[in-house]
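Please arrange chain Z on chain A, whose structure you already have, making use of the hints.
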Amino acid sequence: MNWIAKARPSGAATAAAPVKPGPAPSSDPSANIRISNSLKEFLWLLSDIPHARILDLGPIWQATVTFFVDKGFRLASEDMLRTWKEFLTDEEERLRNTPVGAEGEKISRSLLADRFLQSNLQYPEASFHGVLAWDLLDYFDVAVIPRVMERIFNILHPGGAMLALFHSRPAPRFQRYRIVDSQRFEVLPAPTLAVHSHVFQNREILDLFAQFRSSKTFVGRDQVREALFLK
Amino acid sequence: MWNKPTGAKPSSQDFNGAVPPPSKPQEMPKSSAPSSSFAPSTPQSMAETVTAHMSKISSGLKIQGEITGSSDLYIDGEAQGKIRLTGSRITVGPNGRVQADIEAREIVVEGSVQGNLKAGERVRLGGSSRVQGMMMAPRIGIDDGARYRGKVEVTRVEMARPTPASEPAIDAEALKPVSVNSDDE
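Protein chains in written order, with this note's numbering: chain A, 1 to 231; chain Z, 1001 to 1185.
Worth double-checking, as some hints may not be accurate.
[Said to hold, decoys possible] No farther apart than 27 angstroms at their CA atoms in a straight line, the calculated lysine-lysine pairs in the DSS-like style are these: (1) A:K85 / Z:K1151; (2) A:K71 / A:K216; (3) Z:K1082 / Z:K1062; (4) A:K71 / Z:K1151; (5) Z:K1151 / Z:K1082; (6) Z:K1056 / Z:K1082.
If you're looking for bench data, these hints aren't it; they were derived computationally from the structure.
Pulled out of the complex, with its shape left as it was, chain A reads as follows (with noise of 0.2 angstroms):
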């Protein structure tokens, strides 16, 4: 799977011909529906693969689960801020109820992370064709994110797609995604399960992905970035 390699055949419902991404343009100014070239570029490299796997790091969605089915991909489903937060409260309780002065009072970022990923993301290698992580990067710890991603480039096939969203400023409220069709998803306000943690700069992309073989990113009207990622 290469973007560079794929032949890309003429017409309109191809990645070859994008439009202006980010918030569509409405009359009604409550619909929130977002185009996105790389979810178009994302499904034009999946195409080729008979049942290909997705995995979506977002909450479930009847709609999302329908598109994908409809195309003959398999989909899995985990949402990763939520589990993350609640083992963070599970954590803090275990730690509230641990004597004072007990060994592993206080541990490294990295060993909670590790700790996190004993019980998520568990799939054996080379899993999925593709990694729907919306804008989760935005939102986790910093110091934990180089080890999620590891394991997220573990789990991606040879050759697989992730595709992640950045706001290049503090998103102004929390949102849940859903695919709509092949170009657009649905922005969704959804209740705070987690606040802003980091805006990452260009280069600090570039660096969390640094594994992968190449990178496409779109800049949206609302200067959202959406970024592609090859492994």
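Below, chain Z without anything else, positioned relative to chain A:
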């Protein structure tokens, strides 16, 4: 059980798997329209689905072991082990907590399930459900707010022949009651 409130009937809308139009954004996902074509489920509507032909594990009851048979089953208590009612419908109520692989004709979850769900006809996750495990069925419906972790496989599922009706829904031999919370009575 017989005196069902007027208008109470189990949700029977068919799930056609069509992609619904995107709902307008709301402040809280729970208030958003369900994205599946199932009717939105509420704890009350779930409770109303308990019929005369349905066995029930009530809230406060905990059961360990294997459950087999041909009756529909409503679980609002706790169940651990294995549940295999291949010709029947299993409903995990809002208070239900199941740690078991479930095989049934139809599985509806409003509570919590840790285990694989395998249905001959359909699986539906209600808005308050929490499920961890693989989900396999020809039709899958997910309400907004459902929490799920695992693989989704929408496929035709070969189910073993249902157990004859004469057999009890709950295999008393295999069951080992663990605790009964008398406060619940």
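### Task
For the pair supplied as a hint, K71 (chain A) and K216 (chain A), confirm whether the alpha-carbon distance does not exceed 27 angstroms.
24 angstroms, holds
### Task
Would you check the hint for K1056 (chain Z) and K1082 (chain Z), treating anything up to 27 angstroms between C-alpha atoms as holding?
The hint holds at about 16 angstroms.
### Message
Check the hint pairing K1082 (chain Z) with K1062 (chain Z) against an upper bound of 27 angstroms on the C-alpha distance.
### Response
Status holds; Cα separation ~13 angstroms.
### Agreement of K1151 (chain Z) and K1082 (chain Z) with the hint, judged by alpha carbon distance not exceeding 27 angstroms
19 angstroms, holds
### Message
What's the verdict on K71 (chain A) and K1151 (chain Z), does the C-alpha distance respect the 27 angstroms limit or exceed it?
### Response
Given pair K71 (chain A), K1151 (chain Z) holds - Cα atoms ~16 angstroms apart, limit 27 angstroms.
### Query
Can the restraint linking K85 (chain A) and K1151 (chain Z) be considered satisfied, given a maximum Cα separation of 27 angstroms?
21 angstroms, holds
The structure is consistent with each of the numbered hints, conforming to all of them.
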